[in-house]
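2 protein chains.
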Amino acid sequence: MTIKQVSEIYNISQDTLRYYEKVGMIPTVNRNKSGIRDYTEQDLDWVQTAICMRSAGLPVDVLVEYLKLYKQGDETFEQRLQLLKNQYDKLLKQREQINQTLQKLDYKISRYEIAVKTGKLSWE
Amino acid sequence: MTIKQVSEIYNISQDTLRYYEKVGMIPTVNRNKSGIRDYTEQDLDWVQTAICMRSAGLPVDVLVEYLKLYKQGDETFEQRLQLLKNQYDKLLKQREQINQTLQKLDYKISRYEIAVKTGKLSWE
DNA sequence: ACTTGACTTGGAGTGCACTCCAACTATTAA
DNA sequence: TTAATAGTTGGAGTGCACTCCAAGTCAAGT
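Just so you know, the sequences run in chain order A and B. Here the first sequence stands for residues 1 to 124, where the numbers follow my numbering. Here the second sequence stands for residues 1 to 124, where the numbers follow my numbering.
FYI, nobody ran anything at the bench for these hints, they're computed from the structure. Note that the Cβ used here is the ideal one computed from N, Cα and C, for glycine as well. Keep in mind that the hints are not guaranteed to be accurate.
Below, in silico cross-link-like pairs of lysine to any residue (SDA-like), each with a Cα-Cα straight-line distance of 20 Å or less [said to hold, decoys possible]:
no. : chain 1 : residue 1 : chain 2 : residue 2
1   : B       : K93       : B       : L83
2   : B       : K90       : A       : L102
3   : A       : K4        : A       : P59
4   : A       : K93       : B       : I109
In silico contact screen, one side only, chain A against chain B (beta carbon under 7 Å); selected entries [to be verified]:
no. : residue
5   : S55
6   : F77
7   : L81
8   : K104
With the hints as constraints, model all of the structure from the sequences given.
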């Protein structure tokens, strides 16, 4: 599968795909005789995971570290587990932060809905 | 209240507080005769809200726009309402993204917990 | 009187995550 | 055969959100 197809499937730029590979967030993708990337199913798994993790806010360097450990083999199970748990905890905190902000926004929105009707913003 | 106290209460740098004011995310804080910021209760409300919104990921320019509308007065209730609703929707999506990633991480973590025990990563 | 320390400003610098660019190569279509 | 299209690389540039810095002011302590 070409980089173009992958970029269309996952709605991500080709530049970003090349960038993820360059920095080591995903393993090197095999090239055909003319040097063009040919993504395998496994490559797609890595791409998918990378996109998922990044869109939740996991830092690039953490994902690079994960792949580095992965490439080192079975000796790094514990380190990978630790890394994943760390990120899990951080995401829980981030979700909590979002929940707080949603509450605050909800409160403000309800006040503005009244304000739009009455022309006045109450108890400010 | 001085900038030092505010920065300690909210655990944010003085530089960041000055930055928020400079770009217009919070209203201008009054200075005393010697030109030093003296934060009022209202200022603290703005600071608190700014920090809350930022830590959930709302962009600076959106918060700047909100303050700009706020300063324009009652004519902008609807625009402010719309802005807040937009951000609310974005946060819901972001939370959904985090939930998906948490699921994925949870799955990986459970596999690694077994791997650490058995020395093998199953069905890979 | 002088030093110390906390503050002020405008503006430069940093780190992150892309995003774009120039120069090049290979394949296909006219 | 030539032009268009789609890919390649290394490296430069961008946008965001701070973060740091230099040069200065002011109030309090010795």
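Results of checking the hints against the structure:
no.: 1; hint: B:K93 / B:L83; result: holds, 16 Å
no.: 2; hint: B:K90 / A:L102; result: holds, 10 Å
no.: 3; hint: A:K4 / A:P59; result: violated, 25 Å
no.: 4; hint: A:K93 / B:I109; result: holds, 18 Å
no.: 5; hint: S55; result: holds, 5 Å
no.: 6; hint: F77; result: holds, 5 Å
no.: 7; hint: L81; result: holds, 4 Å
no.: 8; hint: K104; result: holds, 6 Å
Hint check: a violation occurs at hint 3 only; the rest are consistent with the structure.
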